[in-house]
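Letter by letter, the chains look like this.
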Amino acid sequence: MAEIIRGGRAEADRFSVWRPPAGVEGQIPPPGPVLVPLAHWLAGAETLQGRRDTGVWLAPDDDPLALAPWIDGLAVVAVDFPKFTDGRGYSSAYLLRNRLGYRGELRAIGDVLPDQLAYLKRVGFDAFALRPDKKPAQALAAMGAFSEAYQGSTDQPLPVFRRGERPGPAEWKR
Amino acid sequence: MYRYDTIDRTLVNERVAQYRDQLARHLAGDLSEDEFRPLRLQNGLYIQKHAPMLRVAIPYGMLSSVQLRRLADIARRYDRGYGHFTTRQNIQYNWPRLEDSAHMLAELAEVEMHAIQTSGNCVRNISSDEYAGIAPDEIVDPRPLCEILRQWSTFHPEFAYLPRKFKIAVNGAHEDRAATAFHDIGLTLRRDDSGALVVDVLVGGGMGRTPMIGTVIRHGLPWAHTLAYVEAILRVYNRHGRRDNIYKARIKILLKALGAQEFTRQVEAEFAHLENGPGTLTAEEYRRVAAFFSAPAYESLADHDAAHERELARSQPFARWVGRSVRPHRVPGYRAVVISLKKTGVPPGDATAEQMERVAQWAEHFGFGEIRVSHEQNLILSDVRVRDLHTLWSEARAAGLATANHGLLTDIIACPGGDFCSLANAKSIPIAEAIQRRFDDLDYLHDIGELNINISGCMNSCGHHHVGHIGILGVDKDGEEWYQVSLGGADGSSLSAGRAALGKVIGPSFRAGHMPEVVARLIETYLQARLAEEPFIETVHRLGIAPFKARVYGAPLGEDGHAEETLAHG
Chain Y
0 MAEIIRGGRA EADRFSVWRP PAGVEGQIPP PGPVLVPLAH WLAGAETLQG RRDTGVWLAP
60 DDDPLALAPW IDGLAVVAVD FPKFTDGRGY SSAYLLRNRL GYRGELRAIG DVLPDQLAYL
120 KRVGFDAFAL RPDKKPAQAL AAMGAFSEAY QGSTDQPLPV FRRGERPGPA EWKR
Chain P
0 MYRYDTIDRT LVNERVAQYR DQLARHLAGD LSEDEFRPLR LQNGLYIQKH APMLRVAIPY
60 GMLSSVQLRR LADIARRYDR GYGHFTTRQN IQYNWPRLED SAHMLAELAE VEMHAIQTSG
120 NCVRNISSDE YAGIAPDEIV DPRPLCEILR QWSTFHPEFA YLPRKFKIAV NGAHEDRAAT
180 AFHDIGLTLR RDDSGALVVD VLVGGGMGRT PMIGTVIRHG LPWAHTLAYV EAILRVYNRH
240 GRRDNIYKAR IKILLKALGA QEFTRQVEAE FAHLENGPGT LTAEEYRRVA AFFSAPAYES
300 LADHDAAHER ELARSQPFAR WVGRSVRPHR VPGYRAVVIS LKKTGVPPGD ATAEQMERVA
360 QWAEHFGFGE IRVSHEQNLI LSDVRVRDLH TLWSEARAAG LATANHGLLT DIIACPGGDF
420 CSLANAKSIP IAEAIQRRFD DLDYLHDIGE LNINISGCMN SCGHHHVGHI GILGVDKDGE
480 EWYQVSLGGA DGSSLSAGRA ALGKVIGPSF RAGHMPEVVA RLIETYLQAR LAEEPFIETV
540 HRLGIAPFKA RVYGAPLGED GHAEETLAHG
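Listed in order, the protein sequences are those of chains Y and P.
The numbering of the first sequence is numbering that gives the first Met the number 0, which starts it at 0 and goes up by one.
The numbering of the second sequence is numbering that gives the first Met the number 0, which starts it at 0 and goes up by one.
There's no promise every hint is true.
Stated by the list, open to error - Taking CB as the label site, the calculated pair distances span:
{"id": "1", "chain 1": "P", "residue 1": "286", "chain 2": "Y", "residue 2": "2", "range": "47 to 57 Å"}
{"id": "2", "chain 1": "P", "residue 1": "530", "chain 2": "Y", "residue 2": "161", "range": "49 to 59 Å"}
{"id": "3", "chain 1": "P", "residue 1": "477", "chain 2": "Y", "residue 2": "165", "range": "50 to 60 Å"}
{"id": "4", "chain 1": "P", "residue 1": "474", "chain 2": "Y", "residue 2": "45", "range": "56 to 66 Å"}
Just so you know, the hints here were simulated from the structure itself, not pulled from any lab data.
For each residue, glycine too, the CB sits at the ideal point set by N, CA and C.
Please model the complete structure; the sequences and the hints are all you need to start from.
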């Protein structure tokens, strides 16, 4: 069973990600806890909703707002990063958390690497399916790279200027 | 100057530690080149032709003397004793070792500098008016908002992997010295009828392969909404900008594809969710940041200085330098002084460590320890007393830094080009030098008057050739370096008669050795056709390119063997 990073540690992951070949109609996801593509969810939400442990994963060009009708009932939503340099998923996460008010598990899947975890966490991801060749310990360390943030995002909606008085400049170090 | 507090310092130090670890993992083979590339780029590190290149941010062009000394020190210890100031108010080191890059960043952090987001597909260094705070035509000092935007964009978690790079410029003066029309976002600050600070928001300008003048999508945005509005623009771009083709990935292409109206509708719809949210700026924050840019302790002086006038009358070289390099200042008795980095034989924008130290010393001695970097790749001393100008000139002349060519033909903007850059199709620096040598006669140069020549070694347009009155673009023709010439580009500054325009290509490209002659023919055409006091750009706009084209292509350009040889050893 694959591992997922969640709550500050790596643990066994029950969910599988179902990636059906494109263009084939009427496919049924495998049994057990599974994440299905948004298009499948939208096409068969009634039947899929009846199944326990079914979540949705979004491709970079999927519109996260399409999940609005089901957002309160979903236990897991995943955002896929086919390439870690494709940053659309960061905005998808922001919109799920802030526009739809999604409070369930939001996981990053795909090309998820330790050095991106700090930003992924800030925009609202709370579970990370690391690419299998990467070490969870490294990812957990990288997640805490910054102890402060200037701007608001999901994990800290207030920008630094709304979080109390700034301490003022320190001595110039020559 | 903005000064770091513990929050700024912590963030920059944590960034250095993060990068140090990433570099170590890369060098140990744990982080592949593909995985390391975006990380090093967002720390300013390119891998170039001969060596890595480190691009250090000089936020909105402001430097203290302490910082400039450190830049000199870094040039000496980690590079070959010089640095290159760029058109986006950064400095580049061309010869560092990859292994040293984390040390260099740590040394920068000690003087409150960094190389964060100076490269990569993220929000880059915020650029602005090099005369901010001292220009007589200023309506609003842009620096507080620049610093607020710098902080907002630094490590923005959502916008670090955009489709492409993203450049923001801010202007607060009547004259646009920040080329706002050619940025992904150009913000123009002004006062509305009630005196309130508002922002005109322009989107989708840029140079590169598809040059475009941006479109104002929001007039008179109340200043407190600046961050939210910029966030809305970036979210629309991050989600919908093209990622399938690097040449179509800038926001200008998205704006064009959607049409300005639909693009604006999407931005406004996103902004509606953010308006009056936590990202709304507060008056307290504005005041806090603005306090860093309050005026230094100016003396109360007469604007006229008798001794200075005597020196002007006595010395033609001094008068010439004053005419070109000394710019107006809003405080009587003070001037801004341009230190030209365009001496013939020196790559445009290059300064040695010794020169940087001299400039730092002058900034302390003749001013308040402050230096600006201009997008024309020169340095500016911001607060020099009129009575000190002659002493400064004497010292600058001794240091080889009193070239009286600011705004003239030889004040060439050029990218590092094929000598350094792995993207370049052709060299830029030797072309600049060959043109400078051809126009070495100061009398002739002053007679020609104000003129921009901008040279880029490739379509990425780092040398801003699209907005050069004469623009020169290096192109590759079957493995040989050729140069395409355009006329009539204008960046929107007064030197460009206040308008923004893209240059028009005059025809087939030229060999390197022909370029001085091509420029000479353009100039001869202008000198014959100009009306009294009419600058080059106005003549081009009045006549169009036809007469210039006829002259340049009218007679054979002749053998270029000699010129080629000069270039090869330039």
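Do the hints match the structure? See the list:
Remark: the range hint 47 to 57 Å for residue 286 of chain P to residue 2 of chain Y is upheld by a beta-carbon distance near 49 Å. Take residue 530 of chain P and residue 161 of chain Y: their Cβ atoms lie about 57 Å apart, and the range 49 to 59 Å holds. Separated by about 58 Å at the C-beta atoms, residue 477 of chain P and residue 165 of chain Y satisfy the suggested range of 50 to 60 Å. For the pair residue 474 of chain P and residue 45 of chain Y, the supplied restraint of 56 to 66 Å holds, since their beta-carbon distance comes to about 60 Å.
Hint check: no violations occur; every hint is consistent with the structure.
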